[in-house]
Amino acid sequence: MVERSLGPADIVPPFEVEDVELYHPKSWLTKYVFSQDAKIIAIQYSLTALAIGLVALVLSWLVRLQLGFPDYFTFIDATLYYQFITMHGMIMVIYLLTALFLGGFGNYLIPLMIGARDMVFPYVNMLSYWIYLLAVLVLAASFFTPGGPTGAGWTLYPPQAILAGTPGQESGIVLMLVSLILFIIGFTMGGLNYVVTVLQARARGMTLMRMPLTIWGIFTATVMALLAFPALFVGAVMMLFDKTLGTSFFMPAIVQGGEVMAYGGGSPILFQHLFWFFGHPEVYIVALPAFGIVSDLISTHARRNIFGYRMMVWAIVFIGALSFVVWAHHMYVSGMNPSFGFFFAVTTLIIAVPTAIKVYNWVLTLWRGDIHLTTPMLFALGFIVTFVSGGLTGLFLGNAVVDVPLSDTMFVVAHFHMVMGVAPILVIFGAIYHWYPKMTGRMLGETMGKVHFWTTFLGTYAIFFPMHYLGLLGVPRRYHELGVTSFIPDSAHTLNAFISIAAFIVGAAQILFLFNLVWSWFRGRPAGGNPWRATTLEWQTPETPPAHGNWGKELPVVYRWAYDYSVPGAKLDFVPQNQPTLSGG
Amino acid sequence: MGLFQQLTEKPWLPSPLPLADARAIRLPAARLGLRVFCGVVTVLFFLLLVAYAERMAFEEWRPSAQPWLMWLNTALLLTASAGMQWAVTGVREERIEAVRTGLAGGGLFAVAFLAGQLVAWRQLALMTPFDITNASIAFFYLITALHGLHLLGGLVALGWTATRLQGDPPPAGLRLNVELCAVYWHFLLVVWLVLFGLLFSGNDNLEILLALCGVR
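Protein chains in written order, with UniProt numbering: chain A, 1 to 585; chain B, 1 to 216.
Derived from the structure by calculation, the hints contain no laboratory data. Take these hints with a grain of salt, some might be off.
Simulated restraints, written as ranges between beta carbons of each label pair [what the hints assert, rightly or not]:
{"id": "1", "chain 1": "B", "residue 1": "V183", "chain 2": "A", "residue 2": "V255", "range": "27 to 35 angstroms"}
{"id": "2", "chain 1": "A", "residue 1": "W61", "chain 2": "B", "residue 2": "Q123", "range": "49 to 57 angstroms"}
{"id": "3", "chain 1": "A", "residue 1": "N337", "chain 2": "B", "residue 2": "L212", "range": "16 to 24 angstroms"}
Virtual Cβ for every residue (Gly too), placed ideally from N, Cα, C.
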């Protein structure tokens, strides 16, 4: 980037937005509870997601208690065990990760990073949160209903999901399906907002290719979610009909306990197709915002422009498109035609190409950078390592012939936890450490943050690396108790105990994080407006935390891309996007 | 600037500041929002259609009787759409009475369509043999219910637009609302015509299409 002179024609007067476009809260209730301000809605989304995520964390502890010490905790019977793993999985994937990345970070960052005052449909945005909250409450209610929550596994495969013998088939499965339907309705309202806001409400000069990669990731993930969630919606409604009205969309003829059931002719495989047509894009709905955020964290904390920006954007879009044609790699053992298996193995392996481009570009951004090992940077680096190791085992499982023996073993559990559990969670933590100063005006405690990082990072490896080995031994997933099995050595049980202890430590480390969030809110070091010396627009707001309407009277004008770090000839090692010349002013 | 040109920009190079608005798509936000929503709804019904075809092609398939009333209902929805178009013409020509008549017609015929669908539900339930485990019957109820719910949502938006007609408002201020309602009505009509044409106007239609595709 070189200095250039600006002529009179280049100086663009910013738009003046009449304040009538914004809804001004008239009471405490409309300011903080039924708020239409995207920043408040973002915090509401985040706190709700973290709260239900904590429930899922506790459930994972209970699962590990049983797996690590099967003879000691007799209260965890098979029914409870299946309910724990089901609710843990569904909450983490949908109600925590999706909600936090899109509802939380999407709401907070989109208007601020593109220079808008708010989302384009604030009222619909508010409704989106309240429907999400309702979905969470309906889901949580299933813990208190007769029979408890569903224990069908997070994939809810019929016919077993709604048949007697599966935990929670009395009412838990109904509440789960209703909750999912509500979630999707709420998300669609939010998703429309994110897409239209990015396309229509960008500040002057903010061309598509000047948008930070965080916005590209959230935008593409939202488009994908809008296209993928209808499949889950259709599947959930059809299964709800099967359960409550006695239809047979997914239910074949079944004899249970010697009695012929009223069902007949349905196709359980149809549900699998619908579920995974949603389920695989869901992986990238979580991963793409993480990709975007981590790009911005690395660039900011290494004081270097992102390497290969255009390629990064195209890779995000390409990954998003490809992720719609790989779903059946989750179904290699469903008895599909081998030709289909071949097709889906090929598309799965092709998706590794744009993903690898992104990883190389992150590494090349770091190369000779002025790397600051701040807490957000540590989490970003942790993500790259974890995503690579989790992604590499995906190459194993993407091949049909290798997947068949590994299917339903702990290897699969280890793979997807690394790639879509730990990796995105590391980004979420990194992002919270990075943007918390903007949200509160105070820095999060750095020492506590580093302890949190190292415990979480090393701890998750202690949990999931040995799990790959267990899977290779043939230890199956979804088993309440292994008992005495000839091909599983005693050492596997010892390893299971070790994994459980590591899981308890990692879980406990999150309490430190929560403490840090609360403590820093009151006692944290004042952050100022731009503590990381970052270029993107959200750090250039006149007030921190940003006030209602974000920008005061005048909207920002954008003169450059989001990655002008360490530009030769510039006065500082960063040039904000809204700064007309390299030397400031 | 075209979308392709925008996506191939090299943002790290000095470039003249875009004087024009940087928006990629020049539409009012509400119009774009409706288009995105219609896209999502299209995916929803397309998936239902695929699920229907999958069951028809690969599982045990029992065609069901089909209520004749569906033809009349289709005509009602067509008329509702025509009414909305009348309102659009009225708002463009600034004839507020035409807007009122059009919106009222669009709304009333849509309500009549929904009522007709309920009667068709009843008709099918009384036909023999009625078996809810029969996928063709279950899909009929599921798909018509979802389509009806979308139309019901449209009626809420139409009602909100109608409240703005009180007094004597300048038609120009109503134009976007009326046009958006009409777009949604036309969209739901097209969706219905595809669903009705392939699934509910004869048991063979989708089967012929699947045979042409070599699936059945």
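In rising order, the numbers of the hints this structure does not comply with = 1
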